[in-house]
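**Q** 1 is the number of the first residue of the sequence shown in this note's numbering; add one for each residue after it.
Hints were generated in silico from the structure; no laboratory data involved. Cβ atoms here follow ideal geometry from the backbone N, Cα and C, with glycine treated the same way. Just so you know, not all the hints are guaranteed correct.
[Unchecked claim] Computed beta-carbon distance windows for the label pairs:
1) 55 / 84: 20 to 30 angstroms
2) 107 / 18: 14 to 24 angstroms
3) 43 / 18: 13 to 23 angstroms
4) 38 / 67: 33 to 43 angstroms
5) 72 / 15: 14 to 24 angstroms
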Amino acid sequence: MNYSTLDPICSKSSHPFNTREVKEMLEQLIQQTIDQQNEYDSNKCTQLSKELSQIIKDAMKTLNYERYKYVIQVVLGQCQNDNLMMTCRCLWDIQTDNYASYVYSNTKIFCAVTVFGLFYY
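Please take these sequences and the hints and turn them into a complete structure.
**A** Right under this line is the structure:
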């Protein structure tokens, strides 16, 4: 099949990536997971970030976004009264691709998660 002739309008998913829905899911999952962490441990956070990305990946599959691929970024760190600024830039189709992010912190640890939903033509 010649994908260059495929009309993107006709290829759109009937259930496009919903930022609000994904953000609500992220909020719930992250709070459940991170609330259990009462201290920062870099070794535990390495494993926790892998586990959290897998949990999010599995949860994304239940949302049934047809023809979407996901990139999941999990950043965990220690709260030390420092500032952290994060930004990203993506090259994508503004009609179909999108992202959702959620940032959580308590007195010991912060977690910033971004899920990029990329429509697969």
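**Q** Work down the list of hints and note, for each, if the structure agrees.
**A** So, going through the hints one by one against the coordinates:
Checking the proposed 20 to 30 angstroms range against residue 55 and residue 84 shows it holds: the Cβ atoms sit about 23 angstroms from each other. For residue 107 and residue 18, the Cβ-Cβ distance of about 32 angstroms falls outside the hinted range of 14 to 24 angstroms, so the restraint is violated. Take residue 43 and residue 18: their Cβ atoms lie about 36 angstroms apart, and the range 13 to 23 angstroms is violated. As the Cβ distance of residue 38 to residue 67 is approximately 41 angstroms, the hint placing it in 33 to 43 angstroms holds.
Restraint check, residue 72 to residue 15: a C-beta distance of roughly 19 angstroms satisfies the suggested window 14 to 24 angstroms.
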